[in-house]
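Top line first, the protein sequences correspond to chains G and W.
In terms of our numbering, the first sequence opens at residue 832 and continues consecutively.
In terms of our numbering, the second sequence opens at residue 832 and continues consecutively.
Treat the hints with care, as some may be off.
[To be verified] Simulated coverage check for chain G against chain W, where a stretch passes if three residues somewhere in it have a Cβ under 8 angstroms from a Cβ of chain W:
no., stretch
1, 1047–1061
2, 1175–1189
3, 1276–1284
4, 1299–1309
[To be verified] Taking CB as the label site, the calculated pair distances span:
no., chain 1, residue 1, chain 2, residue 2, range
5, W, 1045, G, 1269, 52 to 60 angstroms
6, W, 1183, G, 1269, 26 to 34 angstroms
7, G, 990, W, 1039, 34 to 42 angstroms
[As the list claims (entries may be wrong)] Here are the simulated lysine to aspartate or glutamate pairs, EDC-like style, with alpha carbons at most 16 angstroms apart:
no., chain 1, residue 1, chain 2, residue 2
8, G, 894, W, 1319
9, G, 1180, W, 1325
10, G, 894, W, 931
11, W, 1302, G, 1286
12, G, 1240, W, 1305
13, W, 1063, G, 931
14, W, 935, W, 1321
15, W, 1308, G, 931
16, G, 1180, W, 1305
17, G, 1302, W, 1286
18, W, 1308, G, 1278
19, W, 1308, G, 942
20, G, 846, G, 1213
21, G, 1239, W, 967
22, G, 946, W, 1127
23, G, 1308, W, 1127
24, G, 1302, W, 1137
25, W, 1302, G, 1262
26, G, 1063, W, 1021
27, W, 946, G, 942
28, W, 1114, W, 1184
29, W, 894, G, 1213
30, G, 1302, W, 1290
31, G, 894, W, 928
32, G, 1308, W, 1137
33, G, 894, W, 1316
34, G, 1063, W, 931
35, W, 1315, G, 1262
36, G, 1308, W, 1278
37, W, 1302, G, 1290
For the record, the hints were derived by calculation from the structure and aren't laboratory data.
By construction, the Cβ of each residue, glycine as well, lies at the ideal position given by its N, Cα and C atoms.
The residues making up each chain are set out below.
2 protein chains.
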Amino acid sequence: MSSQLSVYNTLSRTKEIFEPINPPFVGLYVCGPTVYNEVHTGNLRTFTSFDIIYRYLVFLGYKVRYVRNITDAGHLTNDAGEGVNRMESQARLEKLEPMEVVQKYTVGFHEVCRKFNLIRPTIEPTATGHIVEQIEMIKQLIDNGVAYESNGSVYFDVKKYNEINVYGVLSGRNIDELIAGYRDLDGQDEKRNSIDFALWKKADISHIMQWPSPWGNGFPGWHLECSVMSTKYLGETFDIHGGGMDLKFPHHECEIAQNVGAIGVAPVKYWLHSNMLNFNGQKMSKSLGNSVLPTELITGNHPLLEKAYSPMTVRFLFLMSHYSSESDISNKALQDAEKGYKKLMQSLKLLIEMPFVDGEMDSALDNEINKELELAKDNMNDDFNTPRALANLFALSSHINTFFHNGKKVVRIQRATYDELVRIFNGFLLDVFGLAMEEESNSMAMDGVMQLVIEMRNDARNKKDWPMSDKIRDYLKNAGIVLKDNKDGDTSYEVI
Amino acid sequence: MSSQLSVYNTLSRTKEIFEPINPPFVGLYVCGPTVYNEVHTGNLRTFTSFDIIYRYLVFLGYKVRYVRNITDAGHLTNDAGEGVNRMESQARLEKLEPMEVVQKYTVGFHEVCRKFNLIRPTIEPTATGHIVEQIEMIKQLIDNGVAYESNGSVYFDVKKYNEINVYGVLSGRNIDELIAGYRDLDGQDEKRNSIDFALWKKADISHIMQWPSPWGNGFPGWHLECSVMSTKYLGETFDIHGGGMDLKFPHHECEIAQNVGAIGVAPVKYWLHSNMLNFNGQKMSKSLGNSVLPTELITGNHPLLEKAYSPMTVRFLFLMSHYSSESDISNKALQDAEKGYKKLMQSLKLLIEMPFVDGEMDSALDNEINKELELAKDNMNDDFNTPRALANLFALSSHINTFFHNGKKVVRIQRATYDELVRIFNGFLLDVFGLAMEEESNSMAMDGVMQLVIEMRNDARNKKDWPMSDKIRDYLKNAGIVLKDNKDGDTSYEVI
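Could you put the whole structure together from the sequences, leaning on the hints where they help?
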């Protein structure tokens, strides 16, 4: 009997057995990118972590609706929600319409996702696509007495909310300490309390991105979109909310307050947070010059990179740390990842190519492989522990290589063990970890599959199964493939 | 002195010199796809036509803001704007949230754009992303007396509008004839006149896609989104509005009426319409069984296709007709396009590789090449006449091939002629026509043959022919091919 999936829930600060609200369905919401510049590698790590979590849930048989938003407006420049709209200031800088900036970086983000083999979410809603819904939620919050209009803006009344609820439930922060520690910032004179955050910001006439509302023209506060879009597509309470650890406070804390304030229920059963990505042990930052973009990793075009690293190498590097631990990029770590990636994919190829041969059993070997397979599953079930599951795959890869060196076949284990080995080794690498072969051995594959087709065609002819024979002929013709029956009885093929 | 660009303006029914409102800026709006199923090949032709028009404007040095919308809601099932929301009925069919359908087909559409080398527009706004703006325009139309609320829906009052404006200015249709010819349809009892069209439709409780509005919950009429998004991103009056000829009436006619009714000015200086795509001389339709999808063209997987055709072959076929003429797909035409494409790309390769060598001049040759270059430019300036420009490129390709056969260098012409040859021959093929070098025939062949194998494997499974099913599995394994059964019942393959 395998272990059950458990996840570390930031909300309860404990590891909990994962029990979806309405199995086999799972609702997964992940905070997506703000598309005002190129996605940075730290974000890519977060999105890859949740890509793997999504893939594993699907691997386990859950039917997952996976929503990841695109913040195309209203992301304000400081944590508390004040300041200028980032989208717009960037747009003016480049003399572009804000939605041109949005399009440019959205297209770029999707291109990065494609290269790094991230599965596109089931739904990718945008903030500007949900202005109506955001206005509706603000109205509800005002009606419920936990938000107030002030000078054309609307703020969430944190103290009022805290009278019957607990603000800080996710981050563990205390409202009084928060108030005491607050810096003086824009909009403070409009607010009842310094920690109140903006739900709607008044826009002056020079503000390009603005919409009419019951409180005049303005734009939504950043925290609001996720409350609105997660509940719209996943329901008032859903299973998993993910995001980078930097979003825990205030963004996710505000999300909870908004949902509880408007709807009366906590939105999320399991809060999952991925950790930061460093470079050579230091936080990446522009001022340190150690901020490397995904596109720079692929091209090697950065002073700190010794060479180019493939998307799968980077993906493998991410797998080498647990999603909730810090991960570190360095040339050494990348080169280790490159070696590890190649080693496992090589074993994968061998495993696929070698036949299983029934015969004498080696119980010790069979047990050892089974134990490693169980450990691999246990480790993934243990809050998606990819580095430990990778270690299990490395151990299995040694067995696979031994099979190869001792006669190029899988022997001395049970058929069931072999089947499980294929299911887990291939399934984890390709489907769950999302690794793909980078140098496509297409022509070898083509040769292999054409052998099958030629044999089937000869069988069909021998059996005078003309419909089958015709079908094969037509398909090959469509595919631009010509068969040639050679004098020696062999059949060869050519792509035209 | 080269000719000036002229375009056929559907509005004036004449060819006019193209003079942008605010040069060097050009605003271009194109009606985009409705993402409730796979983009069909007729749409692909339209989008390719405007892709080429966009590319040519950029080639001429204009700074083009190119907006193409995505209709993700509110596209009603009949021309007059009544009926059910297409998006939603499709969603229920597939038991999906409407935005899941939107995501699936938006991602699919962008994938087709990528394969066929269509440049992504500067902005791709969505209908659901502009609900607020649509409500605002409806309010304006009601204030201006050309729209009225009726039973929770809002209609455009065509007769009232026609009292001081002309409805039918684009299509040349007459309002009295339109009224006389009108069929009895849903919503007629709510309307003042049969030809009035919906701006906002009331939604009952079972309607998933709905938004609150001053008239109750509902969703916008299809014609409205283009009026709202074109003016939002390009201004109240902009240069070019494009779309398929089937949209001229009523969609574009309604757009003009909405803009004039709300803002008081006609929105568009030049209306450009691309023509239809036929198959073997017949209109493509599902009932005739001659409707071929772009993905089917690429795989060859359609009873009417003799083989697979590459995206660039299809693109070349489109170039072989003027955008405002009908184009016809047939196996013969595709095979001609394939030859033509290969011939020109071969010459392009030669031209890129051959050096220019100064020396003795052949004035006749020099004149001939210059004449052909001028004609190529004249033809593109003549309302983007790609088939005639292609003929010029074929003539030039003969010269290039002659250079190659006579010593593999470009000689006996002026340096300036050579430079212009390179600029036009390469520039037209790559930048304007958007053709790219293809080395894809192998992967296309692989796709084709894998379709056959997957079908045979499914047959074998259905017939419980386990020896056959096992044989296929073993062969694929040896070839390093992994099959994946996807959620939607499709099977895909991966070479590892």
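Right, here's what the structure says about each hint:
| no. | hint | result |
| --- | --- | --- |
| 1 | 1047–1061 | violated (count 0) |
| 2 | 1175–1189 | holds (count 6) |
| 3 | 1276–1284 | holds (count 9) |
| 4 | 1299–1309 | holds (count 6) |
| 5 | 1045(W) x 1269(G): 52 to 60 angstroms | holds, 56 angstroms |
| 6 | 1183(W) x 1269(G): 26 to 34 angstroms | holds, 29 angstroms |
| 7 | 990(G) x 1039(W): 34 to 42 angstroms | holds, 38 angstroms |
| 8 | 894(G) x 1319(W) | holds, 12 angstroms |
| 9 | 1180(G) x 1325(W) | holds, 12 angstroms |
| 10 | 894(G) x 931(W) | holds, 13 angstroms |
| 11 | 1302(W) x 1286(G) | holds, 11 angstroms |
| 12 | 1240(G) x 1305(W) | holds, 13 angstroms |
| 13 | 1063(W) x 931(G) | holds, 12 angstroms |
| 14 | 935(W) x 1321(W) | holds, 14 angstroms |
| 15 | 1308(W) x 931(G) | violated, 46 angstroms |
| 16 | 1180(G) x 1305(W) | holds, 14 angstroms |
| 17 | 1302(G) x 1286(W) | holds, 11 angstroms |
| 18 | 1308(W) x 1278(G) | holds, 12 angstroms |
| 19 | 1308(W) x 942(G) | violated, 30 angstroms |
| 20 | 846(G) x 1213(G) | holds, 9 angstroms |
| 21 | 1239(G) x 967(W) | violated, 71 angstroms |
| 22 | 946(G) x 1127(W) | violated, 25 angstroms |
| 23 | 1308(G) x 1127(W) | holds, 14 angstroms |
| 24 | 1302(G) x 1137(W) | holds, 13 angstroms |
| 25 | 1302(W) x 1262(G) | violated, 24 angstroms |
| 26 | 1063(G) x 1021(W) | violated, 31 angstroms |
| 27 | 946(W) x 942(G) | holds, 14 angstroms |
| 28 | 1114(W) x 1184(W) | violated, 43 angstroms |
| 29 | 894(W) x 1213(G) | violated, 55 angstroms |
| 30 | 1302(G) x 1290(W) | holds, 13 angstroms |
| 31 | 894(G) x 928(W) | holds, 14 angstroms |
| 32 | 1308(G) x 1137(W) | holds, 7 angstroms |
| 33 | 894(G) x 1316(W) | holds, 15 angstroms |
| 34 | 1063(G) x 931(W) | holds, 12 angstroms |
| 35 | 1315(W) x 1262(G) | holds, 10 angstroms |
| 36 | 1308(G) x 1278(W) | holds, 13 angstroms |
| 37 | 1302(W) x 1290(G) | holds, 13 angstroms |
Violated hints for the displayed structure, listed by number in ascending order: 1, 15, 19, 21, 22, 25, 26, 28 and 29.
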